[in-house]
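*Asks:* Assemble the whole structure, with the sequences as input and the hints as a guide.
Just so you know, the sequences run in chain order G and B. As numbered in this note's numbering, residues 1 to 108 make up the first sequence, in order. As numbered in this note's numbering, residues 109 to 221 make up the second sequence, in order.
Treat the hints loosely; a few may be bogus.
[As the list claims (entries may be wrong)] To give a feel for the contact side, a few chain G residues facing chain B, derived at Cβ under 10 Å:
no.	residue
1	LEU43
2	SER82
3	GLY83
4	PHE86
5	TYR93
6	SER100
Read the hints as simulated data drawn from the structure, not as lab findings. Keep in mind it's a predicted model, so treat the numbers as computed, not measured. C-beta: ideal position from N, C-alpha, C; glycine also.
Each chain, letter by letter, is given below.
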Amino acid sequence: GQQVQQSPASLVLQEGENAELQCNFSSTATRLQWFYQHPGGRLVSLFYNPSGTKHTGRLTSTTVTNERRGSLHISSSQTTDSGTYFCAIDPNYNVLYFGSGTKLTVEP
Amino acid sequence: GGIITQTPKFLIGQEGQKLTLKCQQNFNHDTMYWYRQDSGKGLRLIYYSITENDLQKGDLSEGYDASREKKSSFSLTVTSAQKNEMAVFLCASRDWGGGAEQFFGPGTRLTVL
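*Replies:* What follows is the structure, encoded as structure tokens:
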């Protein structure tokens with residue numbers, strides 16, 4: 001089956017520090033998607049990024065398909081960034097396969 | 109824009125009980141999904157449906173039934189709730205075809221006593 005590995009499993013930062021979240025996957029045709037989940041909240045799509053680099057505000061998503069990896073960079077972290085970040089791949093155009101998430105805590 | 113609503117928000121049942129969760133979307137999306145999320149874990153697919161009256165099993169379909177009554181709604185039934193089962197069930201939808209993002213509902217939190 002499809003494998004999606006996220007690292008680190010958890011990360012604690014001081015406000016203002018940068019974060020780099022990693023996602024490695026088993027398929028080359030992935031249509032990688034990043035989600036954010038606030039504790040107790042719904043999943044919010046951050047990026048749909050099949051390949052290359054995309055930016056939104058302080059967030060940058062990079063997908064390198066032929067190396068089967070993606071990353072999510074958070075610059076100048078804020079306490080409101082705390083939560084769990086999931087990556088997911090969509091190799092067959094129908095079903096998402098999720099990683100187990102990176103739990104981010106940003107302390108003031 | 110659109111929205112996905114799930115009812116109920118919290119569901120408490122007894123062991124062995126049949127329980128039904130409902131999902132509605134107004135995106136006019138073709139495909140809808142049910143996922144289960146255990147505490148501190150990622151999401152696992154239970155069922156999905158690519159159109160009205162279609163059903164496809166995911167990796168976690170045993171113990172569940174699903175029904176796609178119409179394009180905008182997708183129901184999930186826990187056929188016999190297990191004691192100490194606690195999870196959040198998330199509904200999602202997307203347009204059919206490559207390149208479409210999935211959008212998620214707020215979830216239903218299930219507790220079985």
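*Asks:* Hints first: check each against the structure and report whether it holds.
*Replies:* The hints, checked one at a time:
1. About 4 Å separates the beta-carbon of LEU43(G) from the nearest beta-carbon of chain B, less than 10 Å, and the hint is met.
2. Taken as an interface hint, SER82(G) does not check out: its beta carbon lies about 15 Å from the nearest beta carbon of chain B, beyond 10 Å.
3. The beta carbon of GLY83(G) is not positioned within 10 Å of any beta carbon in chain B (closest approach about 13 Å), and the interface hint is therefore violated.
4. Hint status for PHE86(G) relative to chain B: holds, with the closest Cβ pair at about 6 Å, below 10 Å.
5. With 10 Å as the threshold, the beta carbon of TYR93(G) comes within range of chain B, its nearest partner Cβ sitting at about 5 Å, so the hint holds.
6. The restraint placing SER100(G) at the interface with chain B holds, with a minimum CB-CB distance near 4 Å, inside the 10 Å limit.
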